[in-house]
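*Asks:* Sequence:
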Amino acid sequence: MSLARRLDTPFVRFLATGGIAAGANILSRIALSMVLPFDLAVVIAYLVGMLTAYLLMRAFVFEASGRGMRSELTRFAIINGIALVQVWVVSVGLARWLFPAIGFTFHAETVAHVIGVLSPVVTSYAGHKFYSFAGRTDGA
Numbered sequence: 246m247s248l249a250r251r252l253d254t255p256f257v258r259f260l261a262t263g264g265i266a267a268g269a270n271i272l273s274r275i276a277l278s279m280v281l282p283f284d285l286a287v288v289i290a291y292l293v294g295m296l297t298a299y300l301l302m303r304a305f306v307f308e309a310s311g312r313g314m315r316s317e318l319t320r321f322a323i324i325n326g327i328a329l330v331q332v333w334v335v336s337v338g339l340a341r342w343l344f345p346a347i348g349f350t351f352h353a354e355t356v357a358h359v360i361g362v363l364s365p366v367v368t369s370y371a372g373h374k375f376y377s378f379a380g381r382t383d384g385a
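246 is the number of the first residue of the sequence shown in my numbering; add one for each residue after it.
Don't read these hints as lab results, they were simulated from the structure.
Heads up, some of the hints might be wrong.
Ranges of calculated distance between the beta carbons of each label pair, as one might list FRET restraints [claimed, not checked]:
no., residue 1, residue 2, range
1, THR368, GLY268, 18 to 28 Å
2, ARG341, GLY311, 23 to 33 Å
3, ALA322, PHE256, 38 to 48 Å
4, ALA261, TYR376, 35 to 45 Å
5, THR319, ALA346, 34 to 44 Å
6, VAL356, ARG315, 33 to 43 Å
7, LEU252, LEU300, 29 to 39 Å
8, ALA276, PHE305, 35 to 45 Å
9, VAL334, TYR376, 20 to 30 Å
10, THR355, ASP253, 39 to 49 Å
The beta-carbon is built from N, C-alpha and C at its ideal position, and this holds for glycine as well.
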């Protein structure tokens, strides 16, 4: 089996599309931080990344669930709402408390935000696979 075929799995596609969405998240946070406080910019940028991720994952990662776009997007938002708490706590915790405590100053907000965005990768994949894009069952 070729390397390309072995790498063509839903999780690898999730990582690739998630990477694109993370880039949209981080770049929009940097731009938003020019006019908004970091804490608020993290939340708004997360929404930009979440919408990017939903569209890419619906197209390239997960099979059709049998639900409409509204249902999938609602479920996707629930999983991402949970992940947003994790991203915010990690990003703001690092940027406001840990990094200053240890004297880390090299692009501290951006480094904190990147670490925060990466923190829910595995749990988000599981949530989207088994909830957001899960096949429709009776009564769902």
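*Asks:* Each hint: holds or not?
*Replies:* We went through each hint and held it up to the structure:
1. THR368 x GLY268: 18 to 28 Å: Given a distance of about 20 Å, which is inside 18 to 28 Å, the answer is holds.
2. ARG341 x GLY311: 23 to 33 Å: violated, 43 Å
3. ALA322 x PHE256: 38 to 48 Å: violated, 21 Å
4. ALA261 x TYR376: 35 to 45 Å: With a Cβ separation near 21 Å, ALA261 and TYR376 fall outside 35 to 45 Å, so the hint is violated.
5. THR319 x ALA346: 34 to 44 Å: Distance hint for THR319, ALA346 holds at roughly 39 Å.
6. VAL356 x ARG315: 33 to 43 Å: holds, 37 Å
7. LEU252 x LEU300: 29 to 39 Å: violated, 22 Å
8. ALA276 x PHE305: 35 to 45 Å: Given a distance of about 26 Å, which is not inside 35 to 45 Å, the answer is violated.
9. VAL334 x TYR376: 20 to 30 Å: holds, 22 Å
10. THR355 x ASP253: 39 to 49 Å: Taking Cβ atoms as reference, THR355 and ASP253 lie about 32 Å apart, which means the hint is violated.
Checked against the numbered hints listed earlier, the structure breaks hints 2, 3, 4, 7, 8, 10; every other hint is satisfied.
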